[in-house]
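Chains as they are written, first to last, in the working numbering: chain E, 23 to 390; chain C, 23 to 390; chain D, 23 to 390.
Derived from the structure by calculation, the hints contain no laboratory data. Watch out, some of these pointers could steer you wrong.
[What the hints assert, rightly or not] Reference excerpt, derived from the structure (chain D facing chain C, CB under 7 Å, subset only):
hint : residue
1    : Phe98
2    : Leu110
3    : Gly112
4    : Phe188
5    : Tyr197
6    : Leu245
7    : Ile263
8    : Glu265
9    : Phe339
10   : Gly355
No residue lacks a Cβ here, since even glycine has one placed at the ideal position from N, Cα and C.
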Amino acid sequence: MGEPKSKGIKKRPSSRLGGILDGYDPAKLVIATACSHSSLQIFHGARAEGIKTLGIAVGNEPKFYSAFPRARPDEFIVVDSWNEIPKLAGELRKRNAVIVPHGSFVEYLGATEFLKLNVPSFGNRKVLEWEADREKQRDWLRSAGVWVPKRFKPGEAIDRPVLVKFHGAKGGRGYFIAKNQDEFMEMEDRVQGKAVQIQEYILGTRYYLHFFHSPIKKDGYELSRGSLELLGMDRRDEANIDEMYKLGAQELLKKSGVLPTFVVTGNVPVVIRESLLPKVFDIGERVVERSYELFGGMTGPFCLETLVSDDLHITVFELSARIVAGTNVFISGSPYADFVEPGLSTGRRIAQEIKMARRMGRLPEILT
Amino acid sequence: MGEPKSKGIKKRPSSRLGGILDGYDPAKLVIATACSHSSLQIFHGARAEGIKTLGIAVGNEPKFYSAFPRARPDEFIVVDSWNEIPKLAGELRKRNAVIVPHGSFVEYLGATEFLKLNVPSFGNRKVLEWEADREKQRDWLRSAGVWVPKRFKPGEAIDRPVLVKFHGAKGGRGYFIAKNQDEFMEMEDRVQGKAVQIQEYILGTRYYLHFFHSPIKKDGYELSRGSLELLGMDRRDEANIDEMYKLGAQELLKKSGVLPTFVVTGNVPVVIRESLLPKVFDIGERVVERSYELFGGMTGPFCLETLVSDDLHITVFELSARIVAGTNVFISGSPYADFVEPGLSTGRRIAQEIKMARRMGRLPEILT
Amino acid sequence: MGEPKSKGIKKRPSSRLGGILDGYDPAKLVIATACSHSSLQIFHGARAEGIKTLGIAVGNEPKFYSAFPRARPDEFIVVDSWNEIPKLAGELRKRNAVIVPHGSFVEYLGATEFLKLNVPSFGNRKVLEWEADREKQRDWLRSAGVWVPKRFKPGEAIDRPVLVKFHGAKGGRGYFIAKNQDEFMEMEDRVQGKAVQIQEYILGTRYYLHFFHSPIKKDGYELSRGSLELLGMDRRDEANIDEMYKLGAQELLKKSGVLPTFVVTGNVPVVIRESLLPKVFDIGERVVERSYELFGGMTGPFCLETLVSDDLHITVFELSARIVAGTNVFISGSPYADFVEPGLSTGRRIAQEIKMARRMGRLPEILT
Numbered sequence: 023m024g025e026p027k028s029k030g031i032k033k034r035p036s037s038r039l040g041g042i043l044d045g046y047d048p049a050k051l052v053i054a055t056a057c058s059h060s061s062l063q064i065f066h067g068a069r070a071e072g073i074k075t076l077g078i079a080v081g082n083e084p085k086f087y088s089a090f091p092r093a094r095p096d097e098f099i100v101v102d103s104w105n106e107i108p109k110l111a112g113e114l115r116k117r118n119a120v121i122v123p124h125g126s127f128v129e130y131l132g133a134t135e136f137l138k139l140n141v142p143s144f145g146n147r148k149v150l151e152w153e154a155d156r157e158k159q160r161d162w163l164r165s166a167g168v169w170v171p172k173r174f175k176p177g178e179a180i181d182r183p184v185l186v187k188f189h190g191a192k193g194g195r196g197y198f199i200a201k202n203q204d205e206f207m208e209m210e211d212r213v214q215g216k217a218v219q220i221q222e223y224i225l226g227t228r229y230y231l232h233f234f235h236s237p238i239k240k241d242g243y244e245l246s247r248g249s250l251e252l253l254g255m256d257r258r259d260e261a262n263i264d265e266m267y268k269l270g271a272q273e274l275l276k277k278s279g280v281l282p283t284f285v286v287t288g289n290v291p292v293v294i295r296e297s298l299l300p301k302v303f304d305i306g307e308r309v310v311e312r313s314y315e316l317f318g319g320m321t322g323p324f325c326l327e328t329l330v331s332d333d334l335h336i337t338v339f340e341l342s343a344r345i346v347a348g349t350n351v352f353i354s355g356s357p358y359a360d361f362v363e364p365g366l367s368t369g370r371r372i373a374q375e376i377k378m379a380r381r382m383g384r385l386p387e388i389l390t
Numbered sequence: 023m024g025e026p027k028s029k030g031i032k033k034r035p036s037s038r039l040g041g042i043l044d045g046y047d048p049a050k051l052v053i054a055t056a057c058s059h060s061s062l063q064i065f066h067g068a069r070a071e072g073i074k075t076l077g078i079a080v081g082n083e084p085k086f087y088s089a090f091p092r093a094r095p096d097e098f099i100v101v102d103s104w105n106e107i108p109k110l111a112g113e114l115r116k117r118n119a120v121i122v123p124h125g126s127f128v129e130y131l132g133a134t135e136f137l138k139l140n141v142p143s144f145g146n147r148k149v150l151e152w153e154a155d156r157e158k159q160r161d162w163l164r165s166a167g168v169w170v171p172k173r174f175k176p177g178e179a180i181d182r183p184v185l186v187k188f189h190g191a192k193g194g195r196g197y198f199i200a201k202n203q204d205e206f207m208e209m210e211d212r213v214q215g216k217a218v219q220i221q222e223y224i225l226g227t228r229y230y231l232h233f234f235h236s237p238i239k240k241d242g243y244e245l246s247r248g249s250l251e252l253l254g255m256d257r258r259d260e261a262n263i264d265e266m267y268k269l270g271a272q273e274l275l276k277k278s279g280v281l282p283t284f285v286v287t288g289n290v291p292v293v294i295r296e297s298l299l300p301k302v303f304d305i306g307e308r309v310v311e312r313s314y315e316l317f318g319g320m321t322g323p324f325c326l327e328t329l330v331s332d333d334l335h336i337t338v339f340e341l342s343a344r345i346v347a348g349t350n351v352f353i354s355g356s357p358y359a360d361f362v363e364p365g366l367s368t369g370r371r372i373a374q375e376i377k378m379a380r381r382m383g384r385l386p387e388i389l390t
Numbered sequence: 023m024g025e026p027k028s029k030g031i032k033k034r035p036s037s038r039l040g041g042i043l044d045g046y047d048p049a050k051l052v053i054a055t056a057c058s059h060s061s062l063q064i065f066h067g068a069r070a071e072g073i074k075t076l077g078i079a080v081g082n083e084p085k086f087y088s089a090f091p092r093a094r095p096d097e098f099i100v101v102d103s104w105n106e107i108p109k110l111a112g113e114l115r116k117r118n119a120v121i122v123p124h125g126s127f128v129e130y131l132g133a134t135e136f137l138k139l140n141v142p143s144f145g146n147r148k149v150l151e152w153e154a155d156r157e158k159q160r161d162w163l164r165s166a167g168v169w170v171p172k173r174f175k176p177g178e179a180i181d182r183p184v185l186v187k188f189h190g191a192k193g194g195r196g197y198f199i200a201k202n203q204d205e206f207m208e209m210e211d212r213v214q215g216k217a218v219q220i221q222e223y224i225l226g227t228r229y230y231l232h233f234f235h236s237p238i239k240k241d242g243y244e245l246s247r248g249s250l251e252l253l254g255m256d257r258r259d260e261a262n263i264d265e266m267y268k269l270g271a272q273e274l275l276k277k278s279g280v281l282p283t284f285v286v287t288g289n290v291p292v293v294i295r296e297s298l299l300p301k302v303f304d305i306g307e308r309v310v311e312r313s314y315e316l317f318g319g320m321t322g323p324f325c326l327e328t329l330v331s332d333d334l335h336i337t338v339f340e341l342s343a344r345i346v347a348g349t350n351v352f353i354s355g356s357p358y359a360d361f362v363e364p365g366l367s368t369g370r371r372i373a374q375e376i377k378m379a380r381r382m383g384r385l386p387e388i389l390t
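Please model the entire structure based on the sequences and the hints provided.
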């Protein structure tokens, strides 16, 4: 494994971290995260790699971990509310903790607090600025050269199916689908609220692609910095859109007051047509390379949420710049990860990356 | 592993068993079941744990087991019809057989005959009385404090989608869905039969939760007696409700005389949103604890068939008090079971329980 | 393992191969295939069995293999277009290559060229004649005694849902579903094209059954020649039929100009109701046995694409006489293959078959 190509790299990451790692004993790193989302996998992976783990929980030590002895964290810190996490910074640093942030960790803590949290965190936190703002995320993807769904301007003619987001939409609720202008206008009348976003609804099948970008591992699928891996793909279960067809047609359900919601409740494993893999990697590569140009690089696990249409085009409708819950399907390997190493989960891959960086003396490049 | 907390335990199970185990050589136990449902997994698990197996088949020795050398039972007993099983009791006892009853075993034999069968059976047979009667099952679940779908009384106004069961409904046929009062009445007119049950149809995504309750294993997720494990979850495939949307809307299909059916034909693996796991275990725990109060406890594998709605409430619409076929997806482990032990199936867990009870001299607590 | 029952066998296969294998060094066989479809699995399986691999690619060496070190072929041959493969024959023979043909290999090269290709190929190429012609495939299946969907003659009354294929239909496009005569006529008017095929559309759930027939392995599920294995089953993802219900009912979508397509984009794992396995094997057995009568036998992996209706009848709507992409779900084993050998993929099974035939001196029986 060689040095990174760009001379800038060595400087950038150390400035990212400031002095947070000062005083850390690299031999005693502890992986810490909030007890939810993909924590079982993160703890399980760390344990498999011989790294100690710390679970942060609200209210009390969650009992359900006792049912999963191989995924139970070595220790818990219990707080009264997620708001208290910032106060834990000193305690976490004292314990040599590295945060592995998952979607719920960032959501519970809030983006602003997470950015300020004075504890080393796996991955580049700067990605948040580009990920959380839908317009910036869209710019990132488009400027990387990947397809995204068309956005409609207010008043623009609806010439194809659209997904409409209303004011106050959150967590899969407050959206609806219109297949043409008429349905759109009818819904606007009905809701009497403001459509805050009108986006093309692309027909196709969904693949949530689980990538891992290491800035320090050179073998494998090579990028200008480090390498890219594909560790699996899933499809999200969404209530109640997934099963409401059993009740009737969308058009008639709407009349009965039954509107679709898109709340993620779980995941199923999938594989994609192998002939699409060159395109899959090309998209992943573009998104990572562009992230270096925009904000110094997104590192570690990320997910591209894609639609494959019947002409086999791949459209990215969302990006998650950290471990997503869809990887929980692949605790013990996936049809893709097993080509890298048998039984490799994303959680375990994170632990491996931390160990590798420690061994190479390059922790500042994978932490912020 | 300590003694059970309740002093009553030691007495209760031995009275359950009566003298059936008298004359058994514990060192030579044989696991027996009917050749169907989840038998491959049961035989495979027993073999992996070094226990001999016996397949009970109708007509002739099923040839397909020869395609699965690691799951083939060591011996077969062939009968002319399932009705003959009671006559096998002596033969089964002579062979030191312990029945692992699965859904088909109980169905083929009939609940009454199964209750009388004078052969040790894994789990507490008394559960049948509370499981087979839909009203009692419902009482059990409700009194345990878990959510169940609302039942409508005859003539009660239909104010939400309902699943209606008609006289003669069986095995997934004879049901239909109405999304409102009008559709319900229209269907009543059409069928001119008697709706024997009207139940709320909850919109959401389905998770069939595979639990295992051991009354003798203390480590893990602790209950007032023994422990609780979660070994996987699946979603059932149902013909023809799953795919009929390809043909058109339910409302229009009905007019064309195409009515939905709900016949289970297979299973797909799923995982649930991790933040729901505390609730999942809470529900499992409540159902087990209540079973001790009602009838001395349901032991071994059981399945809670649940719906997660878009407000993330979990409703239990059915309970199966033994191994279900959905566990067949996880012959070589599941994303949950692998946190207990790599590659652990429900079939293997059953064999482990029998071995553990034998070792501890506590077989009467897991057999009836 | 004994000699095949039929005296004819020894002669038949050697005449199939002609002298292609002359000059081959059996100790140095190389498994070669086109870089697409199921090639990762084929290379991975060969490598696991210690056989060298060769990937044939168009344009340039595909980069994505570098992300999958355990599945990367040992060498690549890069051509400008698939049309050049016939010119590679000499080169491939020089390298002791055995082609493992997958669906894309045959499609890219064309059936005629594939039949002429003077390189040993895994399986019996003669099957193509019976597989590629839909009428002959149908005759094969029907004469084997398995259920196939009803075909409608031009002008025949449409008395049930049908799948209609229009002139120019290809790769999942150019088909539509009509649930009755009216919809069929309406669509004919609309398309003003010629329906080239009208086939019963059977309601049910889909199971794509992955079999493996070895003419040389005698243990296991015994056929008149060799044995039959079941290595897994999947369900295909199809764009856009799978997800279009989210937009509305088929009937109303059609009016909006949104017509279903059936383009395969990926796969999900499934298991079938265990009580259907005797029927599953019976069907597989019939299809293989009949293939010997018709054209000297289909060997190696094959897939029966089936529908299970709510009366639990199994209908075969298509047959693929080689490895299909649905097996990609099971790179590291399946709930069925694991009963044969832990972690067995179809790709690995192919490599095992080649090794076994080599060891037994029976390569001519599995190659053409």
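Glu265/D as chain C interface residue, shortest Cβ-Cβ below 7 Å: Since chain C brings no Cβ nearer than about 10 Å to Glu265/D, farther than 7 Å, the hint is violated.
Gly112/D as chain C interface residue, shortest Cβ-Cβ below 7 Å: violated (40 Å)
Tyr197/D as an interface hint toward chain C, with CB separation required under 7 Å: violated (11 Å)
Ile263/D as an interface hint toward chain C, with CB separation required under 7 Å: holds (6 Å)
Restraint outcome when Leu245/D is required to lie within 7 Å of chain C by C-beta distance: Nearest chain C Cβ about 11 Å off; hint violated.
Interface hint status, Phe188/D versus chain C (Cβ within 7 Å): With Cβ-Cβ at 17 Å, over 7 Å, it is violated.
Interface hint for Phe339/D, Cβ within 7 Å of any Cβ on chain C: Cβ of Phe339/D sits 13 Å from chain C, so the hint is violated.
Interface hint outcome for Phe98/D [beta carbon to chain C under 7 Å]: With a minimum Cβ separation of about 33 Å from chain C (threshold 7 Å), the hint on Phe98/D is violated.
Hint status (Cβ of Leu110/D to nearest Cβ of chain C, threshold 7 Å): Violated, about 37 Å.
Agreement of hint Gly355/D with chain C interface, Cβ distance less than 7 Å: Holds - the Cβ of Gly355/D comes within 7 Å of chain C, reaching about 6 Å at its closest.
Going through the hint list in order, the structure does not satisfy hints 1, 2, 3, 4, 5, 6, 8, 9.
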